[in-house]
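Undergrad: Make the full structure from the sequences, and use the hints.
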Amino acid sequence: MKEHFENTNQSPLFKRIGKIINFIDEAKKKHTKSDTLIEYLDIVRNILSDSQVEGNKINIAKLHEAIHFIETISVEKKSFFWEKDAATLADIFVTRKEAILPESERAQPTPVTVTGKLPRKYHEIFGPIHCTLYDLAIENKILKQNSITPNSQEKSKPAWKERYRGEGEITNQVVGNWQASRMKLGESTEKASKDYLRNVGVRGMHARIEEDIKPLLQYLVNCTNYQEDDKDILQQWLEHNGHQSNKDFINLLAHAGAIISEKEVVLGGAKTDELNWTVENGEIVMNIDISINSLIMNNKIYINNKHMKLVETDSPPKTTESPLLRFQSQVKLHINEDHVVEPQISQMIVTSYTNDLQPSDELLQQNSPVSRINQ
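For the sequence shown, my numbering begins at 29 and goes up steadily by one.
Simulated from the structure, these hints should not be mistaken for lab results. Computed from a predicted model, the values in this text were never measured in an experiment. Accuracy of the hints is not assured; some may be wrong.
Within a straight-line C-alpha distance of at most 27 angstroms, the following computed DSSO-like cross-link-like pairs (lysine-lysine) qualify [said to hold, decoys possible]: (1) 125 with 105; (2) 56 with 85; (3) 259 with 85; (4) 222 with 242; (5) 56 with 145.
TA: Okay, here's the thing in structure tokens:
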């Protein structure tokens, strides 16, 4: 176990992590009779100790690992009439209005497994540790606040919604060309690095400095079920090709008339709600959620007039409560038989907020629509 030492050159974040480690040490001295508690505390302490690198820097992936581990700790069940039974510490934190990771992240397995259930009363020890770690992640812009906030999609009524799911992947000629371009490894990591620092997340985390990127991607890859020999290939691909261009198939499909019936449409005024690499069923996926506020057809710019009608404009607003379209999609990283990373579009939902735009038949003919909502 790595020991924690104070020195005058430590960053504020490094010092705060050190204080949490000291808090754990004091808790272990006060509670020596519960082997399960000591085991859980030791694991969290080891993760946080490993987060301290080069005397003054923090591996931010370890903060996520510690938060994730704490939230998934199983607790002894004991029902009270004023609250529901809790299976994990996260369930208890929720009843106390504490911020926790999204459900999709909590569902992922942790690197360390402990079989013993934690006595419920010890949430009073892990609560302050978890709350402090989460606050540090928010303060340092590593994590975004996990809260439900009204957004444009919730304020607007959908005109129609298409859910696409192919046999393993959604595909057509346009997607195939996009896929082939993404399989080629980028010449440098510069473009991906800029996007990781700007708007591409890794398991909900955001790199603060360039040195954060590699540990974040290692954490992502190590939490998957790919063959060990393929994990280095995935790491290299993500470092070179993990940028926001992985959503470009949306623009290409729209321009080709494969999403909406009009062709040569240029999507504009995009608001990106999510571009995040994460793990699902042991595989790496990018979750994409984008709203389109304006588009260009026949050299004219159109927006939604809040009454579900297309109207022409000379200067579309930068933000609006009435988007035209919303794209929710998922890109899955598949390793083919040649051990090359092959990005696949595993699912896509297209929502229109105007009946003046209609879905194209092209993707419907080549892939299976799961459902259609017409309102």
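Undergrad: Starting from the hint list further up, note which numbers the structure goes against and sort them upward.
TA: none
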